[in-house]
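Take the position in the sequence shown, starting the count at 1, then add 982; the result is the number in the numbering used here.
Since the hints were made in silico from the structure, they are not lab data. Misleading hints may appear alongside valid ones.
Said to hold, decoys possible - With a straight-line Cα cutoff of 27 Å, these simulated DSSO-like cross-link-like pairs (lysine-lysine) come out:
| no. | residue 1 | residue 2 |
| --- | --- | --- |
| 1 | K1341 | K989 |
| 2 | K989 | K1307 |
| 3 | K1215 | K1307 |
| 4 | K1299 | K1010 |
To be verified - Label pairs and their in silico Cβ distance ranges:
| no. | residue 1 | residue 2 | range |
| --- | --- | --- | --- |
| 5 | D1314 | V1344 | 36 to 44 Å |
| 6 | R1544 | E985 | 40 to 48 Å |
| 7 | V1344 | P1018 | 53 to 61 Å |
| 8 | S1415 | S1287 | 40 to 48 Å |
| 9 | E1429 | S990 | 25 to 33 Å |
| 10 | K1258 | L1036 | 21 to 29 Å |
Note that the Cβ used here is the ideal one computed from N, Cα and C, for glycine as well.
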Amino acid sequence: MTEDEYKSLVTAQINQIVDNIFFDTGGKLCDQSIDPPQIASSIRAFGVEVLQGLSEDDLNEFLLTNWIYANYYQNRTSTPVPTAQAQVNSRHFPFKEPFWNDPDRYWRNRFWRYDTQQVQEREQAVLTRGFETRIVTSQQFVEDELIFETFEKENEPLIEEEVKYLSMVFPKFQIGKTEKFVFGKQPLDDDGQGGIIRFYLHLDPTQLTRSIPHILTKINQYFNERLIPFHIKFWSETAGFVRADNMVLYLERRHFFVAGLLLTSLYDDIKKYLDKDRLPYFVREAMPGIGFAKSPQKGEQSFGSTRAKALANAILKLHKNPDVKPVLEHLDEVWGGIQYFYLNPKPSFIYDFSVFEQKNIVLFRDEKEDEFLSAAWSIAKLLCREAIWVAEGQCNWMSYQPIDKDRNGYCLLGVNNGFKGLEGVITFLRALSVLGIRDTVIDYVFEAAKEYFQKNGGEFRITPVAPPLTLFAQQKNIFVLPIEFKSETFSGEVKDIITKEETPDINNYPSIRNVLQQHIMEERPLGNMLDGTDHFCADMRYGLAAYGYVFLRLYDPKRIIRLTEPESGNLNLFPSLNVF
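With the hints as extra help, turn the sequences into a complete structure.
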């Protein structure tokens, strides 16, 4: 859906709602599309209890907000829902059961960790995974059926197999007893700036037993392999699937592009389970049956309820007659254009929907036949997911760099800094294609980086990033480097492998071997990964591009050529290269 198409759609939706709302002769709020038209009596059918003791203005705001949310935003289907409970509701059990019977079976896995002693003493635990924390008690529930892995055997089709990994259900608080979450392998990290986005997958309620495990399997497979953090929320009771927002995929905003390509790639495999004619009101269609929206600035708020409240307030304050013009004008001013109603007001982040139009997507699969190629591939995935999309079809990266003689901070990579700037990352990504690796994500990011480089030649800019990074960049006398690069031995090994003509032998480089074994192979973050810290670095001087090129040289030193440094030998590092 184009921006103009979305603008027309959301305008029509707002028109429909405004035209239906009126006050009867007794001053009661009504909707002419229902019989009887009084909202106060009809809203109880959606499980909304009308609050007592409110002033007339507050009561009207409460009624209209909840009415728009329940009757319009949810866009409920009239398709009968099967009475038999689907697989979504069949295999949860009390949390204390795995505590006392066989805790290691459920907890010593790649998803969550807990302290057994703490559990035995207190009947509760603090579960941690990366930067996520969950406090759980024996009154909560776990599930063993929601995480699937796909296995491939020789001369046999792909096999979907349940694995005893943990998913959690909170029946009494936080998300309520009617919803369930599935957590991806990587921790989902809200940057504190409203950095979460969401995709709405509207499942056909007649196929839930097949669709839910299949879609969960595919999303786990695609997103975990690409190191993209995610949560999935869906209904635990089949009755909830009449709503158009019956399954929601939550992601970090910075991963919009890679996530878009992954969804586009797996769409043909899941579209038969989607209701393509119905999405929640106000979201923007990415593909038929899949909508997109930005989570509100405060993460605990609902997208649907915030839009419903904004529209309700506009109607109550501005709507004098059936003319919707003043309502639209007000929302247009608040949002900086009604075409952005699916985002937060006056957005600045780039969401390029052309990603959903990509054809013939090819996703490279690392078979882990060579540890050096696997290491380089892992770094390439990290770089691609961390790309900063500064314009449509243009990207760059953040790196730790000197800003002036007294300050260091995080800046966009410069385009006039040779190998230690954007050119170094481009060179590493290009080297993957030299090896014949074809991957749509890598190719698209590579082309977007070149596009930025060519359109901004000679210009160095500090990006207006989130306040924490801005404040960090304003401090003086900072010396924060990736942990490994603080070692002169390590930086010397990196330089040797990248620049020397001799075929490198990993046995001569113990520091590089340690990074490979302790970080890459164990899937532990390198010391410069933007995952809860401010230490991400993309460049060839201190960052991931250097690691990546090192491992490619170790993999194939004949095709991955050495990079010569200037005659001065200055490790600042390399001359400008012709990488195009």
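Here is how each hint holds up against the structure:
Taken as a hint, the K1341 and K989 pair is honoured in the structure, with Cα atoms around 25 Å apart against an allowance of 27 Å. Under the criterion of a C-alpha separation no larger than 27 Å, the hint pairing K989 with K1307 is consistent with the structure, at around 14 Å. Among the hinted pairs, K1215 with K1307 is inconsistent with the structure: their alpha-carbon atoms are about 36 Å apart, more than 27 Å. For the hint linking K1299 to K1010, the alpha-carbon distance of about 16 Å falls within 27 Å, and the restraint holds.
Here the CB-CB span from D1314 to V1344 is close to 41 Å, well matched to the stated 36 to 44 Å. Between R1544 and E985 the beta carbon distance is about 47 Å. The supplied range of 40 to 48 Å therefore holds. One distance hint, 53 to 61 Å for the beta-carbon pair V1344 and P1018, holds here, with the actual separation near 57 Å. A C-beta distance of roughly 47 Å is found between S1415 and S1287, which places it inside the suggested range of 40 to 48 Å.
For E1429 paired with S990, a C-beta distance near 31 Å keeps the hint of 25 to 33 Å intact. Taking the beta carbon of each, K1258 and L1036 are about 40 Å apart, not inside 21 to 29 Å as hinted.
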